[in-house]
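Number of protein chains: 2
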Amino acid sequence: MIYFDNAATTLVKPPRVAEAVVQAMQSMGNCGRGSHPCSRFAAGAVDEARIKLAAFFGCKRADHVVFTQNATQALNMALYGLLGTGDHVISTVAEHNSVLRPLYRLQREVGLELDLIPADEKGTLRLELLPKLLKPNTKAVVCTHISNLTGNITDLETIRRFTAAHQLLLVVDAAQSAGYLPIHMEQMGIDILCVTGHKGLMGPQGTGALLLREELDLRPLCTGGTGVQSYLREQPAQLPEHLEAGTLNAHGIAGLSAAIDYLNDLSLERIRQQEDSLTARFYEGVQKIPGVRVYGDFSRPHGPIVSLNLGSWDSGAVSDALAEDYGIATRPGAHCAPLMHMALGTEVQGAVRFSFCYHNTEEEIDTAICAIAQLAAE
Amino acid sequence: MIYFDNAATTLVKPPRVAEAVVQAMQSMGNCGRGSHPCSRFAAGAVDEARIKLAAFFGCKRADHVVFTQNATQALNMALYGLLGTGDHVISTVAEHNSVLRPLYRLQREVGLELDLIPADEKGTLRLELLPKLLKPNTKAVVCTHISNLTGNITDLETIRRFTAAHQLLLVVDAAQSAGYLPIHMEQMGIDILCVTGHKGLMGPQGTGALLLREELDLRPLCTGGTGVQSYLREQPAQLPEHLEAGTLNAHGIAGLSAAIDYLNDLSLERIRQQEDSLTARFYEGVQKIPGVRVYGDFSRPHGPIVSLNLGSWDSGAVSDALAEDYGIATRPGAHCAPLMHMALGTEVQGAVRFSFCYHNTEEEIDTAICAIAQLAAE
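Residue numbers (the working numbering), protein chains in the order written: chain A, 1 to 378; chain B, 1001 to 1378.
In isolation and in its complexed conformation, chain A is listed as follows (with noise of 0.2 Å):
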């Protein structure tokens, strides 16, 4: 099996993440719930990913690392926490439903004023239209760091300066990001972070957090036991603990705890220059086959994610004659990317999407390349 998946999780994990884990099953307790030796190993461990996590992110204080499920549960902690009646939110057509449809419940639910940055052809966002989209009562740019179709990369810099210049927030879905961008919240301006734990990090499932900015609060998503502070009727005002409510998988966070470690050993630089190398070479040996359209704009910045179809063959055949003829896992359909793929045309047809990893070889590569161009002169 080639695994072209990783934009969906990523198959091969580090040995060391599975030790970890395997080694916090056998002596955690519950962290921050008692004193002994086994509920201290946990919470120790627990306090060392978040140190390492803020490092990693350019976060702060580590006591603002939260953490969460998935990305998704993140997001939502993020846009149900900030956002309410009177507030009005830019967000971009790249979002994935992640992000839109908390939007859109809020919107119908408590009235959130909602503008979307429109894309080209190409899919990237049209974001010289950000200050006509700007209002008195706009609180916060919500966006995707890589778009999960396209791999288009997010001109964060632009975005900055508009939400600097007007005191906006700046919240970012880094699903896609996370282990192989660089990213330093203070120096980038990103008021909140949504990450996932199993994709880029190479982390296990089941992990993700929000990485905040100092001095900026949430309204809690979830309430409930936090081991301080129990006499309190309401969620203890202190982070983590006020975004924190029940028993962490303290299993999971020390398997990305380890993952943190490999990607620092390895270098994010390393493993981009790695990627960035796959996608080109795929990328190159796709395009010029006859009867294959390539979604994406690749003259600027773009991430280790490509999508195509050929010809007029539903996504979702092509998909599965790539993995039961060639062995090769890709992605077809919506992505959960329903805007993108209006403004790219291809909501009947999908996409087939590859999204590469550190692990992946150019071997891997050039076998996907003759499959397609098989596929394709079918």
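Treat each hint with caution, since some may be false.
[Claimed, not checked] Chain B side only, calculated, beta carbon under 10 Å to chain A, not exhaustive:
| no. | residue |
| --- | --- |
| 1 | Val1017 |
| 2 | Val1021 |
| 3 | Gln1026 |
| 4 | Gln1073 |
| 5 | Pro1102 |
| 6 | Arg1293 |
| 7 | Arg1331 |
| 8 | Met1342 |
| 9 | Thr1346 |
| 10 | His1359 |
Calculated directly from the structure, the hints in this document are not laboratory data.
Using N, Cα and C, we set each Cβ at its ideal position, and we do this for glycine too.
Given chain A's structure and the hints, the job is docking chain B onto it.
Then chain B, alone, in the frame of chain A:
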């Protein structure tokens, strides 16, 4: 280390649980996202876990098993999803903050009406007061199955008769009972059951579930990607997708699935007999030590939890002495159960909680009894 903090999390997991997690981490794609073998393997494993949990808890439909991060998330999903303005709900003073805080918040924010069943000095709920608490707008009774402080088992049959007679919903927090007491939702008239995977079920942290009676609908807590019906602006109506947004913790769920196999192989009855025998031995041993005060009612059905105090010693100091001088892990303080501590008069002192699991031994129990006798004699 003698580990008696199993009500916080079980420390000893069956070896097959970690094995299943490792296997999942080495071979699973993203469940429900794509149709290649790695995704299908993940989706199949998650579906299998749903079927096992539905059978284990007498839930009619496997697709009404909704995976969550922990019991707290399941309870938040149940309470925020079910209750709103104009509703009245009856709960109990035995509840954990995972129930109390969401209810208090609904009280503050949307005017939910809340009444709590009080307890006597042994922590037994005064269920004879139920009829007095009934109002025309009463929608549900929400209660814990076993108090995480006293270990008292709630008389769910009395509550079921009440909810059935008045067409109320019954929501049960089974965080302490799942994996110890047999639970059959249909037979016991439970409409929503909330469980965690990492306590009595002996699964990994980061797993839990909400099980829903057929035909009951909940407003989603989180919204986002579902891998199906991506062009809908709202969460799809079908379960489990309606309540599950984002990538599931399929690695953890694989471990939980293996844990359920272990429980079924061993039989819940055998587990309960062992835990009951250890609990009785411990209770008999400590209750006659001068200066020891044991909480809870041991003349009625009782779970594998014994909380006590030594004279007027702070519970934290006793727990620390047990950990440092005897290598015994317990949990002192408030246990996120503020109202039960107030009912027992222990809100200042807290209590030292001993909680047992199948893997504890009589020797461990006897060591702990001797340790308490020595500390009490000081």
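Numbered hints the structure breaks, given as an ascending list: Hints 6, 9 and 10 contradicted; others consistent.
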